[in-house]
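*Asks:* Protein chains in written order, with our numbering: chain W, 1419 to 1572; chain H, 401 to 540.
Everything labelled a hint here was simulated from the structure, so no lab data went into it.
Note that the coordinates shown come from a computational prediction; the quantities given were computed from them, not determined experimentally.
Treat the hints with care, since some could be wrong.
[Said to hold, decoys possible] Not close to chain W: a few residues of chain H, all C-beta gaps over 10 Å, as computed:
(1) 438
(2) 445
(3) 474
(4) 478
(5) 487
[As the list claims (entries may be wrong)] To be clear about the criterion: a stretch of chain W counts as covered by chain H if any three or more of its residues have a C-beta under 8 Å from a C-beta of chain H, and this derived list gives those stretches:
(6) 1533-1543
(7) 1547-1554
By construction, the Cβ of each residue, glycine as well, lies at the ideal position given by its N, Cα and C atoms.
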Amino acid sequence: MAATIDTGLDFFRQVLALRAYRQEILSADISNASTPGFKAVDLDFASALSAANTSSRRLPAEASTKSGRVWLVDDARQMKVPETGVPGEADSFVKYQADGEVTLDGNSVDLDEEKVTAAANAVQYEAAATFTSQTIRMLMIAITGSGSAQSGGS
Amino acid sequence: MSLFGSLAISGSGMSAESERLSAVASNIANANSAVGGGGQPYRAREVVFQAVAPQDDASDDPSSIGMAGVKVAGIVESDAPTHTVYDPSSSFADSNGNVQMPNVNPVDEMVNMISAQQDYQANLEAFNVAKTLAMRTLTI
Chain W
1419 MAATIDTGLD FFRQVLALRA YRQEILSADI SNASTPGFKA VDLDFASALS
1469 AANTSSRRLP AEASTKSGRV WLVDDARQMK VPETGVPGEA DSFVKYQADG
1519 EVTLDGNSVD LDEEKVTAAA NAVQYEAAAT FTSQTIRMLM IAITGSGSAQ
1569 SGGS
Chain H
401 MSLFGSLAIS GSGMSAESER LSAVASNIAN ANSAVGGGGQ PYRAREVVFQ
451 AVAPQDDASD DPSSIGMAGV KVAGIVESDA PTHTVYDPSS SFADSNGNVQ
501 MPNVNPVDEM VNMISAQQDY QANLEAFNVA KTLAMRTLTI
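Same shape as in the complex, but just chain H (with noise of 0.2 Å):
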């Protein structure tokens, strides 16, 4: 049934937003991170949607695309430069006395994270028409 696919859709658009929402925390926590993995400075994520159509669908379909939910196709990495601070006395500093600190812009953080919550909202509101419809149909 159709109401049951519209909750099945907007409960992966919320999951992917949670999960970007995720990146977000992540990023802000770790803005001051000299060492991330590797002993490399840690570098900003950012996850990268993909609409998939539902499961019980033929996915190669052209005419389902506008039945698809959303997934996270994967989480990349920023490729921005880092940010370099003198900071002789600490321990990860180079001969230079440079300190290689993490590419993390938090004014980009915070508007991705406005972005995500209203996503979410959006689709929570779905998520909601969707169930109200649902049990309307049941007092018919």
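Just chain W, with the same shape it has in the complex (with noise of 0.2 Å):
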């Protein structure tokens, strides 16, 4: 049997783990508003994520075929934690903004619009978190059986 039942929440982990780090290289951009030289960069989410995707699926594939069973915690690897906790090569996808306006002193940091984009990814960084709490739910009701049972959070 192939799925776990994280196989959904892996999924959530990373989303999570994504848009916490383009927060992380947002927060540099508006702390860099004033540095000379500075240039603005930010996350490209999309490719980001889809790369953790396919090499995160990799892993458990060559886990099953080594012990057999996925859910046994016999192999160091299931309980390896990523060094910086951002899933995959997400530090190859942080490019250059390319299109803003450069200053006198060789900054590209625009405030405003970093600080949209900042409170663009808050939002869709909550909203993961509360598929996430959904999905736990989920599976609480098939096991309890029962949708009053205790759940995940709100």
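Got two chains here, separate frames each, mind docking them using the hints?
*Replies:* What follows is the structure in structure tokens.
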């Protein structure tokens, strides 16, 4: 059996990690809004997520051929937490924002635009968090057979 | 975790902006100080910002340029010419009765102050958003 209980949750784990990573990048842009020579960057979220998805699908397959059972934690890689907490090669999807206006001191951060992007990213993070809660609730309903049983949150 | 990284970066931004605000306050307060350090008139100070990689990151990794906090690389004194004021009664007047006054430009300082305030607020907003997201994650 290939499916494990966290198959659906793993996707949301990656979404949340990448959204948090993008939030960090946007924070860096904002905090360097007055740094001479700083060029604004952003994460290509869609590409980073699809890359993270394809790379993570490989891992359980390898683990299952070696250990036979995916859910057994007898392979160190199953417990391994990525060092940065960010899935895949997200670093390679951080790109310079090319369309920004560059000021005389070589800074290309548009503060208003960064604020808007950060707010939108925060809403999308909350959306992913809500979807995660709902997925956990669905699993709880499947386990307990009742919607009124304890849920994983709001 | 990335969200704590966001908090650290926004925190570095706030601390750098407040240092910039301190420089503005110092300049405005000393706009008429005929004597600064070393008997010379006070010179306007400016902070220089520099993007820095977080401490746990490899700072020479070019791909980590996006994950930069900010720090005050140094404080430089403006080399704009000082104002000369004719005031023979001053004890700092030279033989012609001229007194060298600081090169602080109040308009520059006000613009700098507004810019620092806006940047500080933006950092604070980003900090609060990251905090809200971290708290939201705890309730999954």
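*Asks:* If a hint holds in the structure, say so; if it doesn't, say that too.
*Replies:* Hints, verified against the model:
| no. | hint | result |
| --- | --- | --- |
| 1 | 438 | holds, 28 Å |
| 2 | 445 | holds, 16 Å |
| 3 | 474 | holds, 12 Å |
| 4 | 478 | holds, 15 Å |
| 5 | 487 | holds, 37 Å |
| 6 | 1533-1543 | holds (count 5) |
| 7 | 1547-1554 | holds (count 4) |
Going down the numbered hints, you'll see the structure goes against none, and every one checks out.
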